[in-house]
Structure formats: C-alpha cells, structure tokens
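Asker: Those sequence lines, one after another, are chains A and B.
Just so we're aligned, residue 1 is where the first sequence starts under our numbering, counting upward by one.
Just so we're aligned, residue 1 is where the second sequence starts under our numbering, counting upward by one.
Where chains are identical, the list cannot tell them apart; a pair therefore holds if satisfied intra-copy or between any two copies.
In silico DSS-like cross-links for lysine-lysine, where the CA-CA straight-line distance does not exceed 27 Å:
id	residue 1	residue 2
1	265	229
2	229	127
3	229	288
4	229	150
No lab work stands behind these hints: they were computed from the structure.
Protein chains: 2
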Amino acid sequence: MNFFEDKLMLEKYDIQLRYGENPHEKAYVFGRPQFELLHEGKQLSFNNILDAEAAWSLTRNLEVVGGGCAVVKHQTPCGVSYLRDGDTIADKTRCVASALSADGESSYGGILATSFEMTLDIARSLKTFLEVIVAPAFEDEAVEYLSKKKVRLIRPLNYTSYVGKIAFDSLIISERRFDGHPELLFGEPFDLKEVTFALIVAEATRSNAIVIVKDGVTVGIGGGQPSRKRSAWIATTLAGRNAEGAIAASDAFFPFTDGLDILIKAGVKCVVAPLGSIRDENVLTFAKENGITFYSSPIRVFRH
Amino acid sequence: MNFFEDKLMLEKYDIQLRYGENPHEKAYVFGRPQFELLHEGKQLSFNNILDAEAAWSLTRNLEVVGGGCAVVKHQTPCGVSYLRDGDTIADKTRCVASALSADGESSYGGILATSFEMTLDIARSLKTFLEVIVAPAFEDEAVEYLSKKKVRLIRPLNYTSYVGKIAFDSLIISERRFDGHPELLFGEPFDLKEVTFALIVAEATRSNAIVIVKDGVTVGIGGGQPSRKRSAWIATTLAGRNAEGAIAASDAFFPFTDGLDILIKAGVKCVVAPLGSIRDENVLTFAKENGITFYSSPIRVFRH
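So here's chain A without its partners, still in its complex pose (with noise of 0.2 Å):
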C-alpha cells in the first residue's frame, strides 16, 4: 500500500503542472499552493514551484535586514542583495541589477523574488531572462509590461514556511525559523546587518554552506558539498580578489581549522557561524590568531 496514494490522494489539488522533475515523470500537488499566479507565460513546472519557494523563503528572511532580493537556479542562492540604501525605486531597482550580476553567467533562466512590489521602473530594468517573477506586490502596469514574456508572475498569499521530503514512502517535515542573530564573540565590530545578510543566504544555501558576502551582495556561494571545506574553497574560488575584507558565513560549525584557513588566506576578515565543535577552542584561538572577526550564530542553519 502507498501512503501518497492512498491516504493523499483525497487532498489532491486540481493544479496541472508540465510534469514533474523531469519531462518522464508525473507531478502531484496536494493542498492548495498560497500564491496567486498573475502570469504564466508558460505553463508552471514542479521545478518552477519548488525554485520560487526556495527564493521566496529566503526573500522573506531578508526582512530581519530591511528586504532584498534573491536569484534562485536549480534551487539554490546565486546572487542575493540586501536593501543597504534606502526605499526608493532606484535602490530597489540597483538592488535587483546587484543580485542578478552577482553570478551574471547563473542568473540566465533564474528565478527572482523580491520583498518589495514589483514596479513598472523595476520591471524595464530586467534584462535577463528569468524564468519566474516573484514579489509581495505587482503593479497593474507592471503586470502589463511583464505579460509580453514567457516569465510566470506569482505573488505569494500568507503562509508558515516548513521543510520536508518524501521518504520511504513518509513525509518528513522540520520547521522552517530563521532566529539567527549573531553576536561579536572579538575582533573589530563589522555592520552587524551584513554580518546577519550573510547568515540569512547560508540559512537557504545547501548544506554544507559557505556565503562571502562583500558591500550588501554575495560575491562567492559555496552549498550543496560533502564537506565544508570543499564549499570554503567554491566560495573563494567564485569570490576571487572580492574576497578581500569579505565576511563569510558557515550553516554550521567549522570541525576543523582548514575551512576556516581557505577563507582567511583569501581575504575574509570576519566570519559568522555556530558553535558547538568539540574543537571550538582550537577553531576560535586559530581565527584569533589571524586577526580576523568572529561572530557567534545562535542557531544551525542547515538546508538540504
């Protein structure tokens, strides 16, 4: 007997998507998603779904620093910026331009999503080809202007965000809470907003997670590996000289020092991440050391 089968199957929502994760499998949606879909442009995919939930998530954590935007491919963060400036259009506008350059070659065919309204001004601004538009508010005008294109427009009702996944025919489910507010455990005070903008872009990179964030933009992401190290070292590598007095957040603790001396050796001066290593002592005394900035996370932040 199958659980999904079975017991679901009465809750099934007539939603038709293209297919499921791939064009040979079908998809299923139970529950009625809370969005309201302004646009489709094409028809909405399983994997269009997923990919504005993810981006949507961590758009709505951005709030703890004011709202940003964020670029989302295959699920995963490519370039986040947070509000730095002020709520004009033109910050909203160069906030938006900053995320979608930020990993120029992965914006093509991302998902965008934004905390604030979709205006007209912002919409003209869009050069790139993306695949969703999601935002809290769109105006009629741009609404107008964006159903020329093949992009789908959602705009998310109120929802409480969980994880989870299907397995052996279960559904596992965790919260979703971002309560992430570092603390400077020593070094010279960075601007704690961008310290917690880093967080909160670890909070929805995949585990392991390694963000380097420089001027309210994330210039490397390192997500989705079997061992932090191998994300320090993606992160540096993307980030490049912009590493230079960069802050870096980890999801997780660092077990050992060798994380950590990718970031340092290339530049990063301050980090945020968890603690609880039984070699926290050794990590902490080495970043010490090297004169670099160490903030305390409260709270894991794996995603998977």
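Given chain A's structure and the hints, the job is docking chain B onto it.
Answerer: Below, chain B without anything else, positioned relative to chain A:
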C-alpha cells in the same frame, strides 16, 4: 489556516525524531516510514532519514548494473561503487571499501547503503565512523556486532519512490523513475554497464550534476550548482588525474560546449548525457572533433 496542521496532523505518525533539520526546529512524520530500525545507537534524526532515503534510492537503482553501494553526506553522494567482479563476500567487501575511500575525507560520519546483505565480514571491514547503515538484509551476527556502535541500522521495506517537497503550504510530488538506458551515438564503445552506472549516480546527485567514473567507482562528483560548467569544474578538480580516460555523466544536456570542454581538457574520453539543447549539433560536433565517445540518455535525470 495551515494545510499541514489542518489536514495532515490526523495522519501524524508517532515516531520520535531527535529534532528537525536543525536543533531549534521541530520535526513531524506523516505516514509510517517503510523501514525496520534494527538498531538505534543514537536517536534517529530528521537528517538521518532523508540521508538514508537518498542513499537507498540510489542503491536501488544500482540493481540495473548488478548492485553496488553508496556513501551519502548531506543528502548527496560522495562515493559510489558497483559490483564489477562477482557476488562473493570478498567482492562485496571490496565494493564497500571502494565507495568509502572514493572520497575518504567526506565519508566520515556518512550514510552507507548497500544493495546486498550486510554480513558480519563486511561489518567487520568497516573502519570509518558511519551515522547510518542501510541494507536489504542484515546477518544476525552483523547486527550484534554493529549494535555495540553508535550507528543506526535500517532495513527498508518495499515501497515506491517519490520525490517531493513542501512549498507554499502545499506538497509538490514527482515520480522518481530511472529508465535511462544509454545508447551509443558515436565513438569507440565503452563498457555499457559503467556508462549506465555513471548516469545512475548523476541521477542521485543534485542538479546541475556532473559525475566522473573510473574502474567501477566515482572519482569526481560535482553537483548542487547553478551552472553545469561549474559542476564540471568541481568534478574534474576532485578527479584530478583519475579523469584521464574516464567516463563522465551529465544529468541534463550541455547548453554550450564550455562544460564539455572542461571535461575533455581533464582527459575524459566518454560522455553520457541527454540531448535536447537548441545547440545539440554544436555540442555533438565539438565532442566528435575532440575524438570522445558520446552516449545519449533517453531521459533527463534532475534531482534537487
């Protein structure tokens, strides 16, 4: 109103998980997970179940090439090997050792799944600390021996694989079906079993996925990246000289020649990938000109 709280709570299954994806998050299980927990050296966690499902789904697909085993960390494979020699215990022990040493650094604290019975001999050969061992059968002596350790032992029951996640307060499900029988397009034929093996591992690796295989074992796994080119860079860097003469699988078509170029420059001599790009002709001509063998996969094998 929350779909999960309203509708599904009725089906909540009384299994105690240590905590959710992170210690500050609660976990819930809906439906009875289809496995027997033969030993729980440490309380089962949310991440354990999802890791076990990832390892087991991959291992089940390995039946297509005669069985094998997989080591998973953070829901992504880090070492996979198939049974090339035969079915003696020595062959199986060697297969497990190959998978564990394929990425020895990452295997520590991993989840091991085998397609064959866990015997006392195999159990005794395990020198790496493992969080979970998944097998279709366990010798009584193996359970007794392993029960002295902190490991969890899982024997899956029969069930149909689905993938799916929670998004926008609903559950989005897809079938998970591997029907990938690669066909030779051009070039000198390679061992079809090994070509299929590479594709099976790519199916279990987060998209974009590039998997390099040599002599029955993975030597470089690149995945969880927003660009295929980047996964090719990760896989070839990890493979190093082992990429020479090796087979590489891609979970989707190459949109440009750049990713393929990285593989060829590293020494890969055979590639398996689905087609479907508007630049297929370009990509295939490039492969031909570089003298590599190309197998086409009838299906795309994204997993996220």
